[in-house]
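So the sequences go chain by chain: A and B. Anchor point for the first sequence: position 239 equals 259 in this note's numbering, and the numbering is continuous, going up by one each time. Anchor point for the second sequence: position 112 equals 132 in this note's numbering, and the numbering is continuous, going up by one each time.
Since the hints were derived computationally from the structure, they do not count as laboratory data. Some clues are possibly wrong.
Repeated chains share a single entry, so a pair holds when one copy, or any two copies, can fit it.
[Unchecked claim] Cut-off 20 Å, straight-line C-alpha distance, at most; resulting in silico cross-link-like pairs (DMTMM-like, lysine to aspartate or glutamate):
#, residue 1, residue 2
1, K252, D272
2, K254, D174
3, K245, D322
4, K280, D301
5, K280, E199
6, K245, D174
There are 2 protein chains.
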Amino acid sequence: MLVSYQSEFSDFIRDLQDRICAAVENMDGEATFREDTWQREQGGGGRTRIIAGGQVFEKGGVNTSEVYGRLPDSMVDYLKVAHADFFACGISLVLHPHSPLVPTTHANYRYFELYNPDGVVVDQWFAGGADLTPYYLFDEDAAHFHQVQKTAADRFDPTYYPRFKQACDQYFRNPHRDEGRGVGGTFFDYLRPTPERDGQHWKEFTMAMAEAFVEAYLPIVARRKALFFEKKQKYWQEIRRGRYVEFNLIHDKGTLFGLKTNGRIESILMSLPPTVRWDYDVLPEPNSPEARLIEVLRQPKDWV
Amino acid sequence: MLVSYQSEFSDFIRDLQDRICAAVENMDGEATFREDTWQREQGGGGRTRIIAGGQVFEKGGVNTSEVYGRLPDSMVDYLKVAHADFFACGISLVLHPHSPLVPTTHANYRYFELYNPDGVVVDQWFAGGADLTPYYLFDEDAAHFHQVQKTAADRFDPTYYPRFKQACDQYFRNPHRDEGRGVGGTFFDYLRPTPERDGQHWKEFTMAMAEAFVEAYLPIVARRKALFFEKKQKYWQEIRRGRYVEFNLIHDKGTLFGLKTNGRIESILMSLPPTVRWDYDVLPEPNSPEARLIEVLRQPKDWV
């Protein structure tokens with residue numbers, strides 16, 4: 021018999037959303053989040069929070085949602101499960117800093133439950149991850165981002181970080197460019213109870229990883245946000261943001277799934293960067309910082 | 021027994037490429053095309069021509085390619101045909117004007133052949149179309165673009181224009197936004213010989229439609245290129261360009277097929293606009309020109 025974590029995880033993500041938004045606003049020093057709440061016709065809704073035009077953050081969103089009801093056909097196909105009632109909740113965030121020297125980040129943590137006709141939980145899993153997309157690569161920033169997540173994961177099992185780090189490198193990749201979207205982080209999906217690891221274990225693990233996000237990312241922003249940058253570095257950031265869009269629109273399962281299941285478009289596409297460029301065949305100069313970034317994105321590194 | 025149009029159509033598209041590029045340069049008055057020729061390892065290659073930073077055209081490409089050899093597995097799956105040798109050639113163009121008052125256009129015309137082991141043509145078809153994406157809608161421009169194509173098509177069969185106009189509205193659509201990409205044009209695919217219409221007929225039709233492109237588009241550019249526009253109109257163009265990117269990366273079969281079959285990335289993605297914006301939940305003011313554009317994109321109109 022499976023225990024439901026529905027209300028506990030929902031409460032957790034809403035509280036975390038408040039805390040992350042407060043920390044981001046504090047780091048920005050100028051902009052504040054605007055909130056849009058929305059309802060889903062078939063059950064549930066969400067709380068979209070958007071920041072824009074800040075001193076540090078050019079655009080970002082920190083969203084939560086809890087949706088439930090009868091599993092739509094598209095989700096039955098996608099998840100390869102039987103028709104049933106479901107509950108899903110999650111927090112999802114993307115932050116696009118103005119400065120090309122401050123990396124973009126994305127994170128999400130979510131929980132899913134399925135019920136039998138008597139309302140008993142028959143399947144459940146946790147999922148999530150956080151990854152970093154620099155435009156100029158400071159190795160110590162990538163190492164810090166990974167180290168914080170490794171430390172959080174190691175408290176549960178030392179095999180988790182290497183496994184979920186590799187999954188992240190594999191998932192956040194533009195195969196048509198032969199490049200990673202960024203320098204990775206962690207990514208995990210379908211963490212279901214097993215005889216060795218119960219739901220409680222995965223719930224605590226997922227919460228711990230979600231809690232680690234602020235410490236993994238914001239110290240990097242603090243280090244880089246006041247650095248001077250040149251116009252040509254902003255240009256390079258906008259070209260690289262194009263690769264971010266390519267990943268999200270061509271490859272990202274979450275985005276495509278959201279669009280194909282009539283998710284709330286503006287909450288899904290808040291992940292796209294504010295200003296983006298595509299120029300023809302932009303190639304970095306040999307031995308430049310831009311060239312080194314691409315070299316690292318081609319061949320994922322171990323950062324810790 | 022099918023007649024091959026391989027060399028005739030190849031010669032035609034290369035000559036047309038020269039003439040379109042000359043007409044576009046002439047209209048721009050400043051920028052000229054840069055040419056990249058490329059080879060395909062398994063057979064064939066292409067001639068990519070890019071214009072950028074012009075007086076009128078901010079970015080554009082007019083490309084031709086001829087590829088042949090053994091049909092890759094991905095194409096066997098996609099086309100639902102048997103393993104065979106193939107030949108394909110086409111011209112493909114996208115022009116992104118600087119001014120938000122000048123519409124973006126896209127066109128392509130192509131020919132495909134399959135052979136049996138003796139090298140005899142066993143299947144063949146023509147395909148193509150041209151469509152218009154305004155940011156501010158001048159009804160007379162949309163009407164002109166459609167009228168020129170209708171006139172060209174009517175010389176072959178008066179049922180073609182209505183059929184291919186409807187196919188264009190259906191194809192160039194962002195269902196996730198419930199909007200057309202633009203105001204349409206024509207779109208046709210798999211024009212195969214039948215007892216009533218032989219390959220010669222479809223070849224002549226496709227060539228006539230391709231020939232009509234310059235007359236359909238450039239007079240619109242001539243009318244609008246010198247008009248004054250405001251900064252907020254440029255902003256709106258960049259937001260709408262985001263929808264163009266969404267269509268090309270999420271829905272366009274040609275783009276996705278190219279990326280998944282290891283096509284030449286930079287030649288495929290030359291279709292993406294130069295500068296693009298995504299802001300959260302941008303809504304036009306009621307009764308504004310921006311609101312009217314969206315209204316028309318929601319519900320395709322008959323223009324002629």
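Results for each hint:
no., hint, in the structure
1, K252 with D272, "neither (29 Å within a copy, 32 Å between copies)"
2, K254 with D174, "neither (37 Å within a copy, 50 Å between copies)"
3, K245 with D322, "neither (25 Å within a copy, 52 Å between copies)"
4, K280 with D301, "between (31 Å within a copy, 19 Å between copies)"
5, K280 with E199, "between (26 Å within a copy, 15 Å between copies)"
6, K245 with D174, "neither (30 Å within a copy, 61 Å between copies)"
Violated hints for the displayed structure, listed by number in ascending order: 1, 2, 3 and 6.
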